[in-house]
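Peer 1: As a plain string of letters, each chain reads:
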Amino acid sequence: MKLIATLNATGSSNTFLFDNIPQTFTDLLIVGSIRNANSAVREGVGLAFNSTFSGYSNRSYFGNGATIVNNVESNYNLIAESNAATSTANFFNNFEIYVPNYRRSTPKQVSGASVVETNIGDTRTVVTAYLQTITAAITQVSVFSNTNGTNWIAGSTVSLYGITAGSFGGVTTS
Amino acid sequence: MPTPTYIPLATITLGSPAASVSFGSIPTSYRDLVLISHAALTSGTSAILFRFNGDSGSNYPSIYQEASEVGLAGGNINTTAIRPSGNINEASTEFGIYALNIMDYSTTDKRKSFLLRSNRALYSTIMTVGRWNGTSAVSSVSATPNSGSWATGSTFNLYGIVS
Numbered sequence: 024m025k026l027i028a029t030l031n032a033t034g035s036s037n038t039f040l041f042d043n044i045p046q047t048f049t050d051l052l053i054v055g056s057i058r059n060a061n062s063a064v065r066e067g068v069g070l071a072f073n074s075t076f077s078g079y080s081n082r083s084y085f086g087n088g089a090t091i092v093n094n095v096e097s098n099y100n101l102i103a104e105s106n107a108a109t110s111t112a113n114f115f116n117n118f119e120i121y122v123p124n125y126r127r128s129t130p131k132q133v134s135g136a137s138v139v140e141t142n143i144g145d146t147r148t149v150v151t152a153y154l155q156t157i158t159a160a161i162t163q164v165s166v167f168s169n170t171n172g173t174n175w176i177a178g179s180t181v182s183l184y185g186i187t188a189g190s191f192g193g194v195t196t197s
Numbered sequence: 319m320p321t322p323t324y325i326p327l328a329t330i331t332l333g334s335p336a337a338s339v340s341f342g343s344i345p346t347s348y349r350d351l352v353l354i355s356h357a358a359l360t361s362g363t364s365a366i367l368f369r370f371n372g373d374s375g376s377n378y379p380s381i382y383q384e385a386s387e388v389g390l391a392g393g394n395i396n397t398t399a400i401r402p403s404g405n406i407n408e409a410s411t412e413f414g415i416y417a418l419n420i421m422d423y424s425t426t427d428k429r430k431s432f433l434l435r436s437n438r439a440l441y442s443t444i445m446t447v448g449r450w451n452g453t454s455a456v457s458s459v460s461a462t463p464n465s466g467s468w469a470t471g472s473t474f475n476l477y478g479i480v481s
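For the protein sequence lines, the chains are A and B, in the order given.
If you want the numbering used here, it's the 1-based position in the first sequence plus 23.
If you want the numbering used here, it's the 1-based position in the second sequence plus 318.
If you're looking for bench data, these hints aren't it; they were derived computationally from the structure.
Being a predicted model, the structure only gives us computed values, none of them experimental.
Wrong hints could be hidden among the right ones.
Listed next, the stretches of chain A that the computed footprint assigns to chain B, with coverage defined by at least 3 CB atoms under 8 Å from CB atoms of chain B [said to hold, decoys possible]:
1. 152-164
2. 168-174
3. 177-188
Calculated cross-link-like contacts (lysine to aspartate or glutamate; reagent style DMTMM-like; alpha-carbon spacing at most 25 Å) [what the hints assert, rightly or not]:
4. A:25 x B:350
5. B:428 x B:350
6. B:428 x B:373
7. A:25 x A:119
8. A:25 x B:422
9. A:25 x A:42
Here a beta-carbon is modelled for each residue, glycine too, at the ideal position from N, C-alpha and C.
Isolated chain B (complex conformation) (with noise of 0.2 Å):
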């Protein structure tokens, strides 16, 4: 019998705009993690942070590559949130995917590693690739836009990966 994977854990669909979404008491019990975010603003562009266990330092290094309107760019940052460097737009204009994968979430002796893919057809497409420089269990996550609130009908699924 294959071992199930991509176990929902919880979901969140905006029946009204938020300024953040988060998904807390996350169980141990699980090897990875899966954040997928279907998102947009009620208005703006923003850069999008998402962060572990509330955690607001600058404890997220990463390096990213990114295509878009704007041309090719890539780098790397070490900033107080996971971005991928990238804008969401409101929800009028385009709705964006954003797939976080968060490996060994629940060990207690490593850094977090993190993959991030973030995508907009009318806009830009990314790839950022980092850590989190905590040791501790990722217990929350939470996803916030650096300006503006989520747009109803914004969605955010996580998923749990069987080891």
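With the rest of the complex left out, here is chain A (with noise of 0.2 Å):
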């Protein structure tokens, strides 16, 4: 696994833009550690690809330890969530997420976690699977807050990880 790049908020954008990704990887991963402007105690987390906002299908379940929810969406992009004003000051969620194959000519299918902590009782995790039409191999990463389009404050970071598939030490295939 490889560090492609991290980028770190400044209070002033809504999106982390990943540009110019390397070619030379097998899959992606994205991990973040985030907290959004949005009046409430959290905000959507949105993903799009090469600056297509279009084409999304995804499946979650929203957990909070009594109740799960079955949510899908088939023109609304949700692949996580993040801590937001209103919840328990200085915390920040992770999340992570996860995307096989990003340079083949196909559909991009993604895996996407996070949980949003806060000591008011509010906390959620959301397990993601995701999926993009886009057929091209992804050179761009957005990560955005899509419920409010609030910024991102200071002290969110986000890092985009390159993994290569390969052989190593022997192991035999069949």
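Hints in hand, dock the two standalone chains.
Peer 2: This is the structure we're talking about:
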């Protein structure tokens, strides 16, 4: 696994944009520690490839320890959730997004997971299966605030990693 | 210097359909294993079976939670393979992502814990956690559709995590 880039929020943007992604890896991994300025406990996190903001499908389950929700979207982009302004102060949540075979000329499948933590009793885990129907190789990734379009606050960071498949150590395949 | 991780051990990309795929002779020099499968069937739907060391006994107790087209589900199962309790589908419909983490795979004094995330955006997302009852080091991992064959273009990549 190799770090491609890390982006740090300044408080003036609602998007983390990774551009000119090298076409030398097999899969991509995106991890982040984020908090949003939205006046709510949480903010939705959207994901888009190559500046294309359409062609999404996603299925998630939301769990808060008492209730589980089965959520499916066909034209709304939700890969994860973020802590936001009315959650406990200074809480930044984590998320992870995995994109296999990002260079293939096929629709892009993605796995996402996040947890919004707060001491006010409104925590929630989101696990997502996501699909975007673009078939071009991914050269650009946008991670954005998608509920209210509000900015990521300073201290939020998102990192993009490349993972390369290969052979090493004498493992056999059949 | 950071310790490297996700060491690529072996990769399978199917140029033609296959009934099963397997990784063998896995070295014991890593802490954990990660198997990333991005796969579909040639036709129909099927469960997917992951097994260690060829063990097809009822040695994979696990619990799962699932959100799918048919609703929410969860429970505990003990089956003859790791099953996400969901179905993979044919390649013309959607490839699924199956990320299998096997912790402490090379130890010989404990049973092996695993975590499986199974995702098909058009059908389901499932989390499965469990253990393999074997105490031997995991030296092979196989992935087999319960029925049918893996489709051309399916990929299976095995990584070692350094401790």
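Peer 1: State for each hint whether it applies.
Peer 2: Verification of the supplied hints:
{"no.": "1", "hint": "152-164", "result": "holds (count 3)"}
{"no.": "2", "hint": "168-174", "result": "violated (count 0)"}
{"no.": "3", "hint": "177-188", "result": "holds (count 3)"}
{"no.": "4", "hint": "A:25 x B:350", "result": "18 Å, holds"}
{"no.": "5", "hint": "B:428 x B:350", "result": "14 Å, holds"}
{"no.": "6", "hint": "B:428 x B:373", "result": "16 Å, holds"}
{"no.": "7", "hint": "A:25 x A:119", "result": "16 Å, holds"}
{"no.": "8", "hint": "A:25 x B:422", "result": "23 Å, holds"}
{"no.": "9", "hint": "A:25 x A:42", "result": "16 Å, holds"}
In summary, the structure is inconsistent with hint 2 from the numbered list given earlier, while agreeing with all the others.
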